[in-house]
Amino acid sequence: MRLLAIDPGTKTMGYCAMEIDEDKMDIEITYAECHNAEKMLHRFPTIVTEYDELTARLHAHRKNLHRLIRIIKPDLIVAESPFFNPKRPTSAEPLARLKQVLMDVAVTSGLEIEWIAPQQMKRAVGAKVKDSSKDNVREAIEELISQGILHFSPECDQQYLDDVVEHVVDAIGVGYTYAIRECLND
Numbered sequence: 019m020r021l022l023a024i025d026p027g028t029k030t031m032g033y034c035a036m037e038i039d040e041d042k043m044d045i046e047i048t049y050a051e052c053h054n055a056e057k058m059l060h061r062f063p064t065i066v067t068e069y070d071e072l073t074a075r076l077h078a079h080r081k082n083l084h085r086l087i088r089i090i091k092p093d094l095i096v097a098e099s100p101f102f103n104p105k106r107p108t109s110a111e112p113l114a115r116l117k118q119v120l121m122d123v124a125v126t127s128g129l130e131i132e133w134i135a136p137q138q139m140k141r142a143v144g145a146k147v148k149d150s151s152k153d154n155v156r157e158a159i160e161e162l163i164s165q166g167i168l169h170f171s172p173e174c175d176q177q178y179l180d181d182v183v184e185h186v187v188d189a190i191g192v193g194y195t196y197a198i199r200e201c202l203n204d
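Numbering (my numbering), first residue to last: 19 to 204.
Think of the hints as simulated: they come from the structure by calculation, not from any bench. Take the hints with a grain of salt, since some may be wrong.
Unchecked claim - Below, simulated DMTMM-like cross-link-like pairs (lysine to aspartate or glutamate); rule was C-alpha separation at most 20 Å, straight line: (1) 91 with 160; (2) 81 with 93; (3) 29 with 71; (4) 91 with 153.
Unchecked claim - Simulated DEER-style distance windows between Cβ atoms: (5) 176 with 69: 33 to 39 Å; (6) 43 with 69: 43 to 49 Å; (7) 109 with 172: 35 to 41 Å; (8) 81 with 184: 19 to 25 Å; (9) 175 with 61: 40 to 46 Å; (10) 37 with 135: 20 to 26 Å; (11) 102 with 43: 31 to 37 Å; (12) 89 with 61: 14 to 20 Å; (13) 178 with 137: 22 to 28 Å; (14) 69 with 135: 36 to 42 Å; (15) 171 with 114: 41 to 47 Å; (16) 37 with 114: 39 to 45 Å; (17) 141 with 85: 17 to 23 Å.
No experiment lies behind these values; they were computed from the predicted model shown. Glycine residues also receive a C-beta, built at the ideal position from the N, C-alpha and C atoms.
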């Protein structure tokens with residue numbers, strides 16, 4: 019099974035493609051990328067002028083996700099569920115719009131999208147759930163790689179976890195969570 023795992027954010031989005039071989043119990047990272055939509059605003063000046071920067075960033079994410087689906091040809095999209103932070107109440111509407119963009123792209127591409135809660139991902143990779151930091155997730159995934167549970171494909175541009183940013187690390191965690199839950203534990 020080939021899946022595209024996503025750590026969604028309105029400014030930056032982490033992506034990871036994985037090949038999961040259920041017979042061999044193998045999870046291979048074949049592609050990793052972080053897309054920064056803010057760097058793409060210059061390509062959509064009309065959207066920025068007529069609407070706003072958020073709409074332009076979401077449009078950039080939509081176009082990039084369609085591009086990745088054409089290249090990767092996943093069987094499924096798996097994404098971390100956007101979570102509402104009560105300390106940042108203004109983030110609710112942008113996150114809802116972002117989730118809608120992801121769902122729209124999945125539907126128009128004929129793909130199913132599965133949502134993974136952040137806490138579920140942290141538990142699955144072995145990171146702290148409470149009082150966790152991005153480093154906890156990175157360290158837990160590094161341990162999975164050192165144990166040979168996860169590995170980078172020789173064709174992947176990145177070969178080490180240090181080669182990717184935190185958003186890609188989270189996408190790897192999301193993909194791994196889905197793999198062990200749905201594919202490798204049957």
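Cβ separation of residue 81 and residue 184, checked against the hinted range 19 to 25 Å: Holds: the Cβ-Cβ distance is about 23 Å, inside 19 to 25 Å.
Residue 135 and residue 37 - C-beta distance against the hinted 20 to 26 Å: With Cβ atoms ~24 Å apart, the hint holds.
Outcome of range test on Cβ distance (residue 109, residue 172; 35 to 41 Å): Since the Cβ atoms of residue 109 and residue 172 sit about 39 Å apart, the hinted range of 35 to 41 Å holds.
20 Å Cα cutoff - pair residue 81, residue 93: holds (19 Å)
Restraint status (C-alpha distance of residue 91 to residue 160 at most 20 Å): With a Cα-Cα distance of about 27 Å, the restraint between residue 91 and residue 160 is violated, given a limit of 20 Å.
Distance restraint between residue 29 and residue 71, which requires alpha-carbon spacing of 20 Å or less: Distance of about 10 Å is within 20 Å: holds.
Distance restraint evaluation - residue 69, residue 135, Cβ atoms, bounds 36 to 42 Å: violated (31 Å)
Hint check for residue 69 and residue 43 - Cβ pair distance inside 43 to 49 Å: holds (47 Å)
Residue 176 paired with residue 69, Cβ distance criterion 33 to 39 Å: Holds, since residue 176 and residue 69 (Cβ atoms, about 34 Å apart) stay within the stated range.
CB-CB spacing for residue 114 and residue 37 relative to the 39 to 45 Å hint: Violated, at about 32 Å.
Range hint 22 to 28 Å (beta carbons of residue 178 and residue 137) holds or violated: holds (27 Å)
Range hint compliance [Cβ, residue 171 to residue 114, 41 to 47 Å]: violated (35 Å)
When the structure is compared with the earlier hints, violations turn up for hints 1, 4, 9, 14, 15, 16 and 17 and for no others.
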